[in-house]
Amino acid sequence: MLRRLIEAIGRFRDGGVRVAAWSTYATESRRLSLGIKDRETGNVHAPLGIGDAAGARYLLAWSDGLVSRGYVERRRLDRDVESALRQARAAAYHDPDAARVAGPAAIPEVPLRDD
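Using this note's numbering, the letters of the sequence shown map in sequence onto residues 141 to 255.
Do not take every clue at face value.
Simulated restraints on C-beta separations [what the hints assert, rightly or not]:
id, residue 1, residue 2, range
1, Asp255, Ser223, 38 to 46 angstroms
2, Leu174, Gln227, 17 to 25 angstroms
3, Ala230, Leu172, 53 to 61 angstroms
4, Arg144, Asp178, 41 to 49 angstroms
5, Leu172, Asp235, 17 to 25 angstroms
6, Ala148, Gly205, 19 to 27 angstroms
7, Ala245, Gly150, 14 to 22 angstroms
8, Thr181, Ala160, 48 to 56 angstroms
If you are wondering where the hints come from, they were derived from the structure by calculation, not from laboratory data. As the structure is a prediction and not an experimental result, all values here were calculated from the model. We put the CB at the ideal spot given by N, CA and C, even for glycine.
Could you build the full structure based on these sequences and the hints that come with them?
This is the structure:
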């Protein structure tokens with residue numbers, strides 16, 4: 141998901157303007173809930189609920205000094221990320237403080253355990 145966004149950012153051009161610097165933060169969540177009502181698990185008043193969500197927040201600093209911030213859902217990233225970038229460019233605004241984007245950071249190794 142995130143790779144598709146990063147590749148599209150590198151390719152995107154709008155009238156000679158390109159993304160000069162960017163930052164992104166991807167999120168993914170999966171949720172399962174089961175309610176209890178009247179000592180009964182998962183009845184019609186407390187049904188099983190399943191949720192799945194993913195997306196990416198972004199900060200784009202354009203080569204002409206404008207900035208775009210936003211959020212793209214996974215469905216949009218899978219189908220038409222270029223359209224999302226066109227909309228981000230159309231909503232770009234001037235903010236000289238936000239145009240400073242920190243460089244790449246090392247991704248820490250995080251051990252996960254599931255008993």
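Each hint tested on the structure:
The hinted range of 38 to 46 angstroms is satisfied by Asp255 and Ser223, whose Cβ atoms lie roughly 43 angstroms apart. Under the hint 17 to 25 angstroms, the C-beta atoms of Leu174 and Gln227, about 38 angstroms apart, miss the expected range. In this structure the hint that Ala230 and Leu172 lie 53 to 61 angstroms apart at CB is violated, the actual value being about 38 angstroms. Evaluation of the 41 to 49 angstroms hint for Arg144 and Asp178 yields a pass: the beta carbon distance comes to about 47 angstroms.
A beta carbon spacing of about 40 angstroms between Leu172 and Asp235 contradicts the range 17 to 25 angstroms that was offered as a hint. Taking 19 to 27 angstroms as the suggested C-beta distance range, the pair Ala148 and Gly205 conforms, at roughly 21 angstroms. Separated by about 19 angstroms at the C-beta atoms, Ala245 and Gly150 satisfy the suggested range of 14 to 22 angstroms. One distance hint, 48 to 56 angstroms for the beta-carbon pair Thr181 and Ala160, holds here, with the actual separation near 54 angstroms.
Taken one by one, the earlier hints fail for this structure at numbers 2, 3, 5, listed in ascending order.
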